[in-house]
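Could you put together the complete structure from these sequences and hints?
There are 2 protein chains.
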Amino acid sequence: MRNLITDVPGVKVGNAHEPRAATGVTVAVFDKSCVASVATLGGAPGDRAATLLEPEMTRGVIDAVVLSGGSLYGLDAAGGVSAVLCKQGKGATFGGIVLPVAVQAILFDLTNGGDKDWIKQPITHRPPYWDLGRDAALAAGADFALGTVGAGYGGTTANLKGGLGSASQRTASGFIVGALAAVNAVGMATVGDSKHFWAAPYEQGREFGGHGLPQKFEAKALAIRFKGQPAEATATTIALVATDATLTKPECKRLAIMANDGLARALRPVHAPTDGDTVFAVSTSQAAPGGDPPLLAELGAAAADCLARAVARGVYEATALPYAAALPDYRRRFGS
Amino acid sequence: MRNLITDVPGVKVGNAHEPRAATGVTVAVFDKSCVASVATLGGAPGDRAATLLEPEMTRGVIDAVVLSGGSLYGLDAAGGVSAVLCKQGKGATFGGIVLPVAVQAILFDLTNGGDKDWIKQPITHRPPYWDLGRDAALAAGADFALGTVGAGYGGTTANLKGGLGSASQRTASGFIVGALAAVNAVGMATVGDSKHFWAAPYEQGREFGGHGLPQKFEAKALAIRFKGQPAEATATTIALVATDATLTKPECKRLAIMANDGLARALRPVHAPTDGDTVFAVSTSQAAPGGDPPLLAELGAAAADCLARAVARGVYEATALPYAAALPDYRRRFGS
Numbered sequence: 005m006r007n008l009i010t011d012v013p014g015v016k017v018g019n020a021h022e023p024r025a026a027t028g029v030t031v032a033v034f035d036k037s038c039v040a041s042v043a044t045l046g047g048a049p050g051d052r053a054a055t056l057l058e059p060e061m062t063r064g065v066i067d068a069v070v071l072s073g074g075s076l077y078g079l080d081a082a083g084g085v086s087a088v089l090c091k092q093g094k095g096a097t098f099g100g101i102v103l104p105v106a107v108q109a110i111l112f113d114l115t116n117g118g119d120k121d122w123i124k125q126p127i128t129h130r131p132p133y134w135d136l137g138r139d140a141a142l143a144a145g146a147d148f149a150l151g152t153v154g155a156g157y158g159g160t161t162a163n164l165k166g167g168l169g170s171a172s173q174r175t176a177s178g179f180i181v182g183a184l185a186a187v188n189a190v191g192m193a194t195v196g197d198s199k200h201f202w203a204a205p206y207e208q209g210r211e212f213g214g215h216g217l218p219q220k221f222e223a224k225a226l227a228i229r230f231k232g233q234p235a236e237a238t239a240t241t242i243a244l245v246a247t248d249a250t251l252t253k254p255e256c257k258r259l260a261i262m263a264n265d266g267l268a269r270a271l272r273p274v275h276a277p278t279d280g281d282t283v284f285a286v287s288t289s290q291a292a293p294g295g296d297p298p299l300l301a302e303l304g305a306a307a308a309d310c311l312a313r314a315v316a317r318g319v320y321e322a323t324a325l326p327y328a329a330a331l332p333d334y335r336r337r338f339g340s
Numbered sequence: 005m006r007n008l009i010t011d012v013p014g015v016k017v018g019n020a021h022e023p024r025a026a027t028g029v030t031v032a033v034f035d036k037s038c039v040a041s042v043a044t045l046g047g048a049p050g051d052r053a054a055t056l057l058e059p060e061m062t063r064g065v066i067d068a069v070v071l072s073g074g075s076l077y078g079l080d081a082a083g084g085v086s087a088v089l090c091k092q093g094k095g096a097t098f099g100g101i102v103l104p105v106a107v108q109a110i111l112f113d114l115t116n117g118g119d120k121d122w123i124k125q126p127i128t129h130r131p132p133y134w135d136l137g138r139d140a141a142l143a144a145g146a147d148f149a150l151g152t153v154g155a156g157y158g159g160t161t162a163n164l165k166g167g168l169g170s171a172s173q174r175t176a177s178g179f180i181v182g183a184l185a186a187v188n189a190v191g192m193a194t195v196g197d198s199k200h201f202w203a204a205p206y207e208q209g210r211e212f213g214g215h216g217l218p219q220k221f222e223a224k225a226l227a228i229r230f231k232g233q234p235a236e237a238t239a240t241t242i243a244l245v246a247t248d249a250t251l252t253k254p255e256c257k258r259l260a261i262m263a264n265d266g267l268a269r270a271l272r273p274v275h276a277p278t279d280g281d282t283v284f285a286v287s288t289s290q291a292a293p294g295g296d297p298p299l300l301a302e303l304g305a306a307a308a309d310c311l312a313r314a315v316a317r318g319v320y321e322a323t324a325l326p327y328a329a330a331l332p333d334y335r336r337r338f339g340s
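Chain order of the listed sequences is A and B.
When you line the first sequence up against this note's numbering, it's residues 5 to 340, in that order.
When you line the second sequence up against this note's numbering, it's residues 5 to 340, in that order.
FYI, nobody ran anything at the bench for these hints, they're computed from the structure.
Among the clues, some could well be false.
One copy or two, it doesn't matter: identical chains are merged, so the pair holds either way.
Think about it this way: if two alpha-carbon atoms lie no more than 27 angstroms apart in a straight line, the pair counts; the simulated DSSO-like pairs of lysine-lysine are [what the hints assert, rightly or not]:
hint, residue 1, residue 2
1, K124, K16
2, K36, K220
3, K224, K124
4, K124, K36
5, K257, K36
6, K91, K124
7, K220, K199
8, K220, K16
9, K257, K124
10, K16, K224
11, K16, K257
12, K36, K16
13, K36, K91
Given below as structure tokens:
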């Protein structure tokens, strides 16, 4: 086990980023088309091809999940991913036409200090996301980096640099569950400015430092803080949970909803009006059916734990952006 | 009155298409950001930035609605539109960053005979939609063509060429309502293969030929027919309704739901598992509040009528594609 979402058989992940613009794209691609759904509990989401994941919609399977920076400009990324998938012959075929399905969610990293030249010189300078999506899809593999990479490259939280995180576990029933998160929360992953992560109860080994929870929760540490000015704070944590259990689309919807509880446990506040928090859930269906309520409950609980851990790892593994006003990173502040 | 959606003050429309690929993009851009929502009743939708239009989401206003061909590949179009809107300084500003909101829905025109070179040679040949979105936004004005243009360029129905349609009307309360539709239904706009449109009861003047309904409805004419092989029939009618009445986002959601009834009256079948029928509704808010139930009911009824008429006009104004297997157009078959 790599403690990555790629421990789920059939899932590969690739990153691509543009350091000058301080933004990037992360793609999860699937060996075979996967059953999937989504639960969007943030108040300011941006997504592409997400409606077809609702249980009442026909299309049941997808070929990639794209997470990216760039806010709405970033939604070009799934186009570059789709070109790679098309070249690889992935997706359904209609009358000889290959039509892969790449779904996407974005986060807002436009004011993080990077040079967004496509906003300064629109039309002549294209946003980099189509190319980044293509490159991330071409880079997909079982191993991938965490922290200031891919969709997490430009991410921040209210007090620390955010980043890309991942985690996995095997359930008591033998299923594998993994999570992938690009952390850019309007809230915080730590208890105040302490070294303690809210996700500490679920930590495996010392995957994000092993500091546990504080003995006392001071009022100051519990003060609710938002990134940036409230009126401008546009944030978002976007994520994917995956399992090898065979699930239907409505069961994936349930998995996505329960997985959001991992965001609730790892970030405070989260699901805010200016967060676009979006959690996709996919079943690679390489293992036995997991949709009976007791099994699905176990998968959902595991997905929430994995996602909470992935969020903390995303912050723990991040490196601060090289700008004077950039938020500090966890490890320079607290050691590793 | 032009009998176009641009009769609604504050709405401009532009088309762009690539004849060789037999596909295109239509964009409605707004002089000022508009309150908007969406109702997706088709079973196989493809959209971009649509989730933020749900009433529980924060973002209340949008700057453009993009309709396009290309199925999921077409979802790059909103990127090109956004570049133009950014250049024009439209949209909200966050920390000095201009962020316009262009929402989009697509239709499936990939098997209509056009040369989709980006599918034959993926990665090296990019889909044309980003450029088409940019060009359609740059072309936006009060006058625009109907038929085989823009997002309707590649559209078809079960028995006739589809196309882009539009219509408008003034309500008894003095509000203006308009509709815009790119017709690519899996079903039919006519009663069997007759010259009679299902939308005939709502026709104004002879805007789509003035043939009324047939005196008798023959069983043969009522036989349910789908475009293409059922397993491959991927279709979709996508639309926008607009009004100058001042509405909230939940009221726009209601308007979008009622407007879908216009699709139900003009197309049979519609909202099918392989249709991605999506109806956006926007309020330019240049007139008085229209959200009180009696006023909103009147606006919804008018929106449904306008959308039914827009569908019929889209088919009526269309010109057949120049391929041997292409479906015939209405006017060559029945005269104008």
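Verification of the hints:
no.	hint	verdict
1	K124 to K16	between (35 angstroms within a copy, 25 angstroms between copies)
2	K36 to K220	neither (48 angstroms within a copy, 51 angstroms between copies)
3	K224 to K124	neither (40 angstroms within a copy, 60 angstroms between copies)
4	K124 to K36	between (40 angstroms within a copy, 21 angstroms between copies)
5	K257 to K36	within (19 angstroms within a copy, 36 angstroms between copies)
6	K91 to K124	between (33 angstroms within a copy, 8 angstroms between copies)
7	K220 to K199	within (13 angstroms within a copy, 79 angstroms between copies)
8	K220 to K16	neither (41 angstroms within a copy, 60 angstroms between copies)
9	K257 to K124	neither (39 angstroms within a copy, 34 angstroms between copies)
10	K16 to K224	neither (42 angstroms within a copy, 52 angstroms between copies)
11	K16 to K257	within (21 angstroms within a copy, 38 angstroms between copies)
12	K36 to K16	within (11 angstroms within a copy, 43 angstroms between copies)
13	K36 to K91	within (15 angstroms within a copy, 41 angstroms between copies)
In summary, the structure is inconsistent with hints 2, 3, 8, 9 and 10 from the numbered list given earlier, while agreeing with the others.
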